[in-house]
Structures are given as C-alpha cells and as structure tokens.
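Read in this note's numbering, the sequence shown has 157 at position 157, and its numbers run on one by one without any break.
Hints were generated in silico from the structure; no laboratory data involved.
From a predicted model like this one, the values you see are computed outputs, not experimental measurements.
All residues carry an ideal CB built from backbone N, CA and C; glycine is no exception.
Hints should not be assumed to be uniformly reliable.
[To be verified] If you anchor each label on the Cβ, the simulated ranges turn out as follows:
(1) S67 to K191: 27 to 37 Å
(2) G214 to R103: 17 to 27 Å
(3) T223 to A89: 45 to 55 Å
(4) L38 to K88: 58 to 68 Å
(5) R69 to M31: 53 to 63 Å
(6) G79 to K187: 48 to 58 Å
(7) A143 to N66: 14 to 24 Å
(8) L38 to K148: 21 to 31 Å
(9) N66 to A39: 34 to 44 Å
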Amino acid sequence: MQYCQNFTFHLPAVTAESGRSRKEQLRRECMRRLNRVLASLTLVGAIALGGVVLTRQVLAVANEANSERLSRAVLAYIGEKNPSAPIKAFQHFPEVLFVESERTQIDHCMALAQAEVESEFRHDAVGNAGEVGLFQTLPSTAALFESKVGPFKRPVLKGQRDLGDLAIPTVSTKFAMAYLRDIMTRKPNIKEALTEYNGGPAGRHPAYYRMVMGTYVEILERTDLKCRYQPAPKRPPVMALLARV
1 MQYCQNFTFH
11 LPAVTAESGR
21 SRKEQLRREC
31 MRRLNRVLAS
41 LTLVGAIALG
51 GVVLTRQVLA
61 VANEANSERL
71 SRAVLAYIGE
81 KNPSAPIKAF
91 QHFPEVLFVE
101 SERTQIDHCM
111 ALAQAEVESE
121 FRHDAVGNAG
131 EVGLFQTLPS
141 TAALFESKVG
151 PFKRPVLKGQ
161 RDLGDLAIPT
171 VSTKFAMAYL
181 RDIMTRKPNI
191 KEALTEYNGG
201 PAGRHPAYYR
211 MVMGTYVEIL
221 ERTDLKCRYQ
231 PAPKRPPVMA
241 LLARV
C-alpha cells in the first residue's frame, strides 16, 4: 500500500475530473499488481513450508525403517545364538535395549553381549544364587530400584514355580541397566562396573569382564547391529614419541 501511495504520476494536462479518474484507475492497477506479488510470495512460502514438512516426514519414515531393521537384526542375532528362544517373548526387547543403553551411556551391543554372557539369551534362566532372567538379576537387587523402574512380581522358585516379572526380557533389561547405571556413578570405568555387576561391591572376577568384551568384539563385526563403538583416535606422532621417553 505504501508503494502505491508513493507512486509518482506524470499526466498530460487534462480536466480535473478526468485527472482524478485516471489517478483512481492507476491506483487500482497498482493495488492489483501488489496483490499479485503478495499472492506469489504467499505461494512460494507455502511451497517452501510444505517442502520442509515433507522433508521431515521423509526423515521420520526413514528413521522408523532403520529402527525396524535394527530391531529385526537384534532378534535375528538372538535367534541365531539361541535357536530355542521364543521370539515372541523378545518382541519388544530391542526397543527397550536401545533406550536403556542410551540412558546408561553404553553401546547397545555391549549390553547385548552382557545378556549373552549372563544367560545365553534364555529369558527363563535361573542362577545358582537365585538370579533370574536375561541379565541374571537377583530379586533383592532389583528391589533396590523399584522406585525408579517400577514394581515387579517376585519369583517363587520353590513349590509352585513362578519366575515372576524378571523372566520378561524387557523388565530384566530395565532393572539390569538401572543397576549398571548406579554402579557407574561410582565406577565409571566399564571394566570395574561390569566386575561389580557380576560379583557385587567386593567382586573380584575379571574373567567375567573378559567374557563380555570377547563377545562384544564378535558382535562388533556384525554391521547389521549398528554398534556405536568408536576406536580411540591415534595419538599425534609427537605425543607418541614423548610417551616413549
């Protein structure tokens, strides 16, 4: 509108009435052109916004597809290592594994290796000391984290046997990762953390750590499992020379 108000008219000498009529026509023509420009800008903006929305939708679909492929890869790995594993019982395990591993700040492949060492992917495994489930969690240990993870049904190992909720892979994963996170607040070194997980605060079983890491190294070779391991960067030559002095 300001553009039209500042428009300078150069008209030949005409009557006042015809001059006013001509100015009104020019003003209307100017407004029509301005409206067309605004409409074009609006259309361009709408197309651009639509492109952004479409891009986000495409990325969301791609991420969902990648997540599904990774979940299938985890289930396939479990089935390969334990052909008798009831895959239905592990149906939601991959999603929980990814979330809990991220919260614990460890590679999900490391947690997968730990589960394999603990139970060989037997969700109903029971240890000699009463450990239950995929990550072989003691009910007494899980009870310490109920306020964070949620209540769980205790196992009954005598008489009418009932393994309770710790035999559910997703539940076992949540309690195991909560326990590991608690340990890592005191012992951020993964070797010490895994050793305590296996043997308690006074745990002295380095063989467990070696078993988990050995399994982890094997899993790292599986590109379909999308492990997040990053090798340590090579030291600069100068630092390498200084280290030898």
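Do the hints match the structure? See the list:
1. Between S67 and K191 the beta carbon distance is about 30 Å. The supplied range of 27 to 37 Å therefore holds.
2. Restraint check, G214 to R103: a C-beta distance of roughly 25 Å satisfies the suggested window 17 to 27 Å.
3. The hint said 45 to 55 Å for the Cβ distance between T223 and A89, and at roughly 26 Å that hint is violated.
4. With their beta carbons about 59 Å apart, L38 and K88 fall inside the hinted range of 58 to 68 Å.
5. Taking 53 to 63 Å as the suggested C-beta distance range, the pair R69 and M31 conforms, at roughly 57 Å.
6. At roughly 34 Å, the beta-carbon separation of G79 and K187 lies outside the given 48 to 58 Å, and the hint is violated.
7. For A143 paired with N66, a C-beta distance near 37 Å fails the hint of 14 to 24 Å.
8. About 56 Å separates the C-beta atoms of L38 and K148, a value inconsistent with the hinted range of 21 to 31 Å.
9. Checked against the hint of 34 to 44 Å, the C-beta distance between N66 and A39 comes to roughly 41 Å, which is consistent with it.
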